[in-house]
Every structure is written in C-alpha cells, then in structure tokens.
Amino acid sequence: MKKSYLVRLSGMAAVFGLVMAIGGSASAADRPPVEECMRCHDVKQYQHELKNSAHAFDKDKKEISCEQCHVFHFSPLTSYYARDKYFDKKIFEPGTFDRRQMQKNARQTDLTAKCQECHKDLTKNVKGEPVSLIGSLAHEAFLGKNGTTRKTCAGCHINMAHLPDFDKDLMINAEFAKKLAENPAPAAEKGGE
Amino acid sequence: MKVTRREVLKTAAAASALAAIGGPLTTVAKAADNEPEYWVKSVCRFCGTGCGVMVGIKGRKVVTVKGDPNNHNSGFLCLKGALMPPIVYSKDRVTKPYIRKNGKLEPASWDEAMSLVASKFKASIRDHGPTSVAYYGSGQALTEESYLANKIWKAGLGSNNVEGNPRLCMASAVGGYVTTFGKDEPCGSYDDIDSATCFFIIGSNMSECHPILFKRVAARKQADPTVKVIVVDPRKTNTARIADEHVPFKPGTDLAILNSMAYVIIQEELDNQRFHNKYVTFMTNDKQKVDFDAYMKFLEDYTPEKAEKISGVPADQIRRIALMFAEASATTSFWCMGLNQRIRGVWANNLVSNLHLLTGHIGKTGASPFSLTGQPNACGGVRDTGSLCHLLPAGRLIKKPEHRAKLEEQWGLKPGTIAPKPGLHTIALWNAFSEAKVKAMFVVCSNPAHSLPNVNIYLEGMKRKDNFMVLSEPFMDAETVKYCDVLLPAAFWCEKRGTYGCSERRYSLLMKSVEPMGECKPDFDILMDFAKRMDVDPKVIPFETIDDVWNEWREVSSVTPYNFMGITRARMEKESGILWPCPTEDHPGTKIRYVRGQDPNIPKDYKNKYHFYGKKDGRAVIWFRPYKGAAEEPDADYPMVLTTGRVIDHWHTGTMTMKVPELRRSFPKAYVEVNVEDAKAKGIKNGDDVILETRRDTMTFQARVSDVCRPGLVFVPWYDANLLINKLTLNAFDKGSKQPEYKICAIRIKKA
Amino acid sequence: MKRRTTITKTLAGIGAAFCFCFFATQVSAVSVKHLKAPDDAADCYTCHQKVTPRVAQNWYESKHGVALMKCFVCHGQPDGKGSIPFAVVPDARSVCRKCHEPAMLRMEKKFGIDPNCYACHPFHQNSMHHDAYKKSISKKE
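Going line by line, the protein sequences match chains E, S and Y. For the first sequence, our numbering begins at 1 and goes up steadily by one. For the second sequence, our numbering begins at 1 and goes up steadily by one. For the third sequence, our numbering begins at 1 and goes up steadily by one.
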C-alpha cells in the first residue's frame, strides 16, 4: 500500500520535474547565473568578496560566477514551491548565515569536480607554473599516492573566494583582507559574519 | 546554554584524564616507559648561553633531559636543548680508534693509534723543532681539557701553537674588552636582563643563537612594554619581532652608526660627565691620550646625516636609537658574531663599550656591555685558561716576561720553560699546516674542515701526505674525519665530567651521567696518554683525575683578578653554576665587576666607586675608532654582500643537531635567503636554484625569497656539510684579534 | 535551562573524550592522517600555516612562537620517526616537564596532581601561549 503511494508520488514528481526543467532552464539561460542566484540568495556580500579575491577572474580574464564553484542546485519540487511563494523575495538574508558552519560544510563537501574543471593538472597552477614541492606532495596525497590526508580541495585551500570576518586576521589572508579593506562593500549591503 | 570552546576543552581534558586511568593509552604509557630513574646535573652541549640541564637516566642510558631550575635558565630549555638525548646514541658515533691506511680509515687499537700519534709528533719535533707541532682546540672542550692541552704544549712540548675555534668566534670580543677595560670577559651578568629598561642588540640574532637569553629579554619586554628593544641587524630576524626599532643598515657600516650615536648623545647632553670625567681615558686610534673636546671633534665626521650616507640608515632613526640608548635608566647591550667576525671586530667592540662609558650605563644592575659567546665553553675553557697562541692562563700574555715567569713559578717549572714567542694564530696556523710548515696537528672537539673560512685552501692542505692530523671526535660524519690521519673516539658530553664556563663568567659542573660508548675516552684521558707517550716532564702533568686539573687551575687563578679559588668541586656539585671572581668558599660569586662592594678584586674601602683595575690608572678607555669598510666591499663584478650565520634548529657544523630527526627535518639543507626585490630583479622564485659566486668558489643553493635580508644582501646558514658555504667566505682577518671576516664578502648571484 | 547546559557540557566532554581515545589509539598505530614527505620538503609550520592556519598562527603569536619553540618539540613527528613519540596532545609528564617543571610543581602544590596541563592551559590558546607583545589579532572571537 505504502509502496504504491511512493511510486505514484515519484511518478508525479518526474512529470513535474520535466515540465519545470524545461521551463526553468529556459528562463535561467536568459540571465547571467549570478543574477539567477541572487533572486533567492542575497549574496551581494559574497559577490563583493569574490570580486576582490584571487578567484575574481579566470585565466582568460573572464569573471568567475557562483555556479562555477558551487553546485548549481535546481530541484524542481522545491523550486516550484519556492517560486510560487518567494520568487524574487530574497529568502536567504545575510544576517541569518552562520558562516562558521558554512565554512565547515564547505570544507567537508566534495567540490573537487567543480574545482577541477579549471584546475585539471594538479602539478601546475592555473597559469601553467609548476606548483611547489610541498604543493605537489600534498596533491599526490590528495590523489591517494602519498599518505592519508584531506580528500577535498577546500580541506587545504580555504578562503579562496570568500573571506568571512573571522578569517581576516589570518596572515595567509593578509593580501585578500587588505584588498577588501581598500574596496569596502556598500554599507547597506554589508552582510553578517 | 552555549558551551564555550574552553569549557568543552576543560571537560574533555578531565574526561580523558579519567580515560587515561581506566584504559591503556599509548601516549601516556609510552611516556611512563621513559620515566627516568634518576637525574644528573649537567650543562647544555650547545650555545654559549650555558643553560643548566638535568639528564634523565634509566637503565644506564640517557632517556630525557629537563632544564635545571637552579641554574640561570630557571628550568627552561630551547628546542635544541630539549631534544639532546638522541645525539648520544647516534649510529654515527665513533666507537673505536682509526688509522688512515692507503687513504682509508681502518680500525685500530688505542695503543696502535696513540703510538703512531706520539711517533709522528716526536719525529716532527726532532726534525723541525717544537713549533712544527700544534694543538687546535675548541670552545666545546671542557675547561680542564683546554687547560691541560695548553700546559702540555706550552710547558711540556715547548710549542706555543695552541689555538682553537674560539679564534674564529670570540677573539674580537677579547680584544675589545682588553683594550677598553684591560681585562677580558663581560662585567655584567644575565641577571641584568631582568632590570634593564633598554636593550641594544647589535650584530646578534639572539632569538636563534641564544634562545633562552632572548626568551628572558622577551619576557622582560612583555612584563613591561615601556622597555625598549633596539635591534641593529641588516637582516630582519626573529629577534627583530620584539624590537621597537629595527635598524637594517648596509653591512659593514655599523662603526659609523655607533660613532654617530655617540655624537647624538653628546649633542643632546645625555652623556654622563661625572662618570667619564672620573673613570674614562679618551684615546685616539694611535694610542694618544687626549681630552673630551678632541673626542667631540673626532665625532664631527659622524653626524647622523653623514652616517646616513654611509650606512643607509635614516638620520632620524640614528637619533631615535641614540636617545633610547641614553635616556633609558639602564641599558644593556648584546652583541655576538655580527661584530666579532669582522676585520674591524675589535673596533666595533670598542665602539659599543664607548657608548656605555659615555652614558655611564655600566657597573649597575641592568646596565652593561655584554658580549655573547657562541660556544658553551669558549669563555671558561679557552679565554680564561688562555688556550690561544698569544695567551697564558688567567689573562696573562706570552709576550710579557713577567707573566711567563710568574706562571712558571706557579707551575713549579724552571724559568724559561715557556717559549717567549707567541705561536701562530688560527689562520696563520692552518696556512702553515697547508704548506706543511706545521707538520703535526692535534685537533680536539672541533671541525675545522667545515668551519674555517675560504675552506678550500685548507682542505687541499689537509689532503697533503707530508703533514699529520689527529682528530678526537665523537661523530663519524664530521667533515674533518674525511681528512684526518688518525681518528680517536671521543667521549661525548654527558659521558665525561668537567667544567663549562658560559658567557656570563659562570662556571658549572657537568657530571658524568653514563659510561662512554664503545672504546670512547674523555679528551682528558687522551691528552694525558698523549703527554705520557711524548715523555712530557711528569711535573707538567701531575694529574690523576680531571678534578686535579681543576684544583690546580683554581690555584693558578687565585693570584689574578680571575680568582675562582672559592669555586670548589664540592660547591660545584651542590650549586648550579657560580660566577667568578669568587675568592673564597663563602663568596656568592660576582654579578657586577669593577664596582666597589661587588667585585672582590676591589678593596672595600677603595676611594672610588668604580675601579677599572685592568688599566694602570683605573680608567677604562673610550677609543676613537674611525669607520673603515669591509675587507671585500661589493663592486661592479660582485655587487652583493654574502653573510653567513645560524638557524635555531642547528648548531655550528650540524654534527650534533643533524642527529635529531626533528631538527634535521626542520632544516635539512642549507639555502640562500634573498630579498624580494633582488629576487624580482633576477627572476628568482622561492625554491629556485640560485648560483652563488665569489672570487673563491661557486656553489648552488635553493632560494628562500623573503624580506628578512635587506636588498643587496644574501644569507646562507653554515651548518650544512654537503653545502659548505665556507668555500665562499673570505679569510681576511682583523689585525688586532686575528679573527676572520666571515660576515661580509662580495658575491654575485644568478638563477641557475 | 541550567540543567540542559550541564547535560550539553557533559555530552560535549564525553564526545571529546571519545575523540581523544580515538586519537590515542590512532597514534599508537602511527597511522596519523598526514602526507608522507621527504626530509627536505619543509618544516611543520610552512605547510600548517596553510592547512591549519589558525592553529599555526596562534602558535606564531604565542610565547612559544616568539621563542621559536617549534611544533616538533612538543608533538614529535607525525610518522613516528621523531625522537619523542608523536602526540596530537603532548604528554605533560614527559614533554612540558622539560621546561616547565618548576611551574608544574608549584601548580601541583596548589591544586593537587593533575597531569593534564591543558585542562586549564589549552594548547595554542591564550592562557598558555598568551599574546606576547600586543593583543594578538588571531585570538579575537
């Protein structure tokens, strides 16, 4: 009894999904991805940080956008519901973000595939220069050839595109923090921690 | 409701402590395995700080160390000191004697080895006279060993060729103190650190070379942030981290800065007229006594603006540091190799003392010109016992007949036993050895094939077949082992008993903790055996044990201002170090010299408070030392400056520290430190291979690009035996002290 | 409310204790999560200021950092080949004692025997490594 209910539900979802996917992707393609994200996520602060980070541009001087690193989620079900109720309403407000938790999640989430779209060759950096000895050893470890260590890129490479306040004091982020301080975000859009 | 991180940690720790009692925790269990059965008092084997250590023994083996709470270090150790035990049990220990046969070191018996040594030395003396044999000792040998060797050579064999690595390290400081005060050794103590209000650190990377003293300075600065720290160093080292003023000058121009500081001090009326009127003689460079006005006139060449042109230090900064120095209530200066290893080393030493004599920052708690030593027993072992070619024990000079006569009398030898002509100083000695003019050399506790400057020429000399070198050394991988003709297995550090005397005139006893490894013998036994085989007059070596040597040395010192008659063995076993002068057993030791009521050499009812008894008129000397550049200034062909030095993880030639896995891994090989600007100009990136070229040799090092060196300067640490930076350094030396200029030579670099 | 706090605290404590035990057993097998590096790769700090920047910086700004008491003096080597056993949490009786025995004895006299210095002086935290010369910037929370 229960099983048949589930089957029916998933069938419905599939139909919904198909419809929404066609419609949704069509409308998403009209706008730049950043803007698409911004309809629901008020991420101006993050965008501002990104613009001042080492990941502002790719090697062809093209601006890097959210979905190049983050998983571009498009769940037909939630989106349908969300669009109906919250469309263009910025449901995720900066003040509600727990950036510490987010950072922890990000370090534990495997975004490797996304990173490797640009960083394919782990022996070289994106400019084609060979990485340092430590870097190559760590990358070998990442590939499972040399000891056991963190299995995600963000495990070692943190604050690559965003810089929460609590990481601004780290010496390794000095340059990033300086750049952010020199180009402050517009006051109204200053986000939470 | 919110649990803070601290609370979590606390609860976690408590819980884990419970767990530790309940379950088998490997970390805890392992540590308990190494719980020593008992502790033996000793002194750290590394730098001149001379920290007291307690050696933890279990099952007749050294298992751990801890700081001696009763010594000056109050129980603290630096990272090298804390990791000493593995060195003792290194697989590279020399455990039996070796003789070189057909170019290879072959194991031999003690008797074979020592007979060969004696026959070679005897033949050399027979064919070429006593000056054809030499002793090359060390600031790491025990006091008794240096004293004994000195006596065997100078009184027994008739050769004044007694030298040692302190010539490469401390000679300019000796020259500086003797010319300024008439007597060697600092007048203050480490305790001055706790009450100084200004620290003037010049030519010293204290943080890495004397970590425990730096820790004390840092703690002082932390306790009272108004305490000023001035660091004068072309490199922005870790020492500069706590500095209020870091002065990165052009290498070699510090003489101009020091004179300029004196100029500012006088211009600002901050000199202590009452002090220098009464206790100071002003003397020109050619030893003419002049007055204060002449000094002011001399200093006109060193206005801050003129000094800025020479040194590249802004005139304002020179003014600021001069004011800091003079306005503080008590200023202590520290310097080390940066001033000593220079062709103007003695002058640089004089100029720092000048500032103290001018301002009266001397002879009171917290104020003293303090020269730091690099080796654990350079002061106590070599400077005090006079184990250098021109010295006799307790500050006496070979060239003075009355000094020789007095010592011959004390030693009970017939007059004229000691040859009147000083021997060859280190560079001259090794030159002579390389030309086989000196035929036989006894090297103890030193690694000259690594540490001599411009070492290539000496390596060639050591390879010759017509000279003979015997080496007493604990480690098989020391560079000099490759060149010696006989290798003797020396007992190491805690395997023998004896005295170390550190920078602050403090004598501490190293008690024997464990039996020597294999066939190793203490250098005392080796030297005694050698002397007997050389048929040295038994009156010269009336010693059964090493304590007999100490007692004789106490007697010899007792008629001199050194006087450590009161530092008996019994007292040394009980106490953790005593500062000389210490004339009687109830004397607590002397923290401040040249001051009535403090220094036992000055009568209690002496008319003046200060008395510089090293000088006939009781006055210390302010010397007019002009600025003169380095021996090899950078030019169009070699436009940059090379300087060498240490890293905290390694000590000297690395034969000891390389045995500790942690230390070896921390700095496994030498590198070249290049300034960011220079690196950019030459296209050098971090980790690139860089070719270093001087007029003497060419070598390749890996680059570390940073802002530590000032532009135009490169730095290479000298511990690495595989990358002997001394192949590039210069063997020009100070005419007064005969100490070579390791710190500056001209170089060019390029990317490999 | 108060009760809940206590429960949370205790739970956190037990959790942390488990972590500790887990680590301890890990250590015994010398299977620490660490890459294998040749001797000449770098010292601990060079890598760890990147991968664990806060811990590394806390050390750097601490008294131990100013005095250059480096990581390996207390922690040993992660592959267990050092001269002291590798430990994420160093053993106070054998490690801290080398330098701090006088203080440890003083504390013991005052508060009884507690071999865990870090119960009150957590590593890389203010009380043990407090700010050497200025308010350390890495420690504001």
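Derived from the structure by calculation, the hints contain no laboratory data. Hints may contain errors.
[To be verified] Straight-line Cα separation of at most 25 Å, DSS-like style, residue types lysine-lysine; simulated pairs:
no., chain 1, residue 1, chain 2, residue 2
1, S, Lys236, Y, Lys110
2, S, Lys465, S, Lys437
3, S, Lys532, S, Lys120
4, S, Lys532, E, Lys127
[As the list claims (entries may be wrong)] If you want a taste of the chain Y side facing chain S, the calculated C-beta under 10 Å gives, among others:
no., residue
5, Lys81
6, Glu108
7, Lys110
[Said to hold, decoys possible] Away from chain Y, derived, C-beta distances all over 12 Å, residues of chain S:
no., residue
8, Glu35
9, Pro36
10, Lys183
11, Arg216
12, Asp649
13, Lys727
Nothing here was measured: the structure is a model prediction, and the numbers come from that model. Glycine included, C-beta positions come from ideal geometry on N, C-alpha and C.
Evaluated hints:
1. S:Lys236 x Y:Lys110: It is violated: about 42 Å lies between the C-alpha atoms, which goes past 25 Å.
2. S:Lys465 x S:Lys437: holds, 13 Å
3. S:Lys532 x S:Lys120: holds, 14 Å
4. S:Lys532 x E:Lys127: violated, 72 Å
5. Lys81: holds, 6 Å
6. Glu108: Constraint on Glu108 of chain Y not satisfied, violated at 14 Å.
7. Lys110: Constraint on Lys110 of chain Y not satisfied, violated at 17 Å.
8. Glu35: violated, 7 Å
9. Pro36: violated, 10 Å
10. Lys183: holds, 33 Å
11. Arg216: Given that some Cβ of chain Y is not farther than 12 Å from that of Arg216 of chain S, nearest at about 10 Å, it is violated.
12. Asp649: Label violated. Min Cβ-Cβ 8 Å, cutoff 12 Å.
13. Lys727: holds, 21 Å
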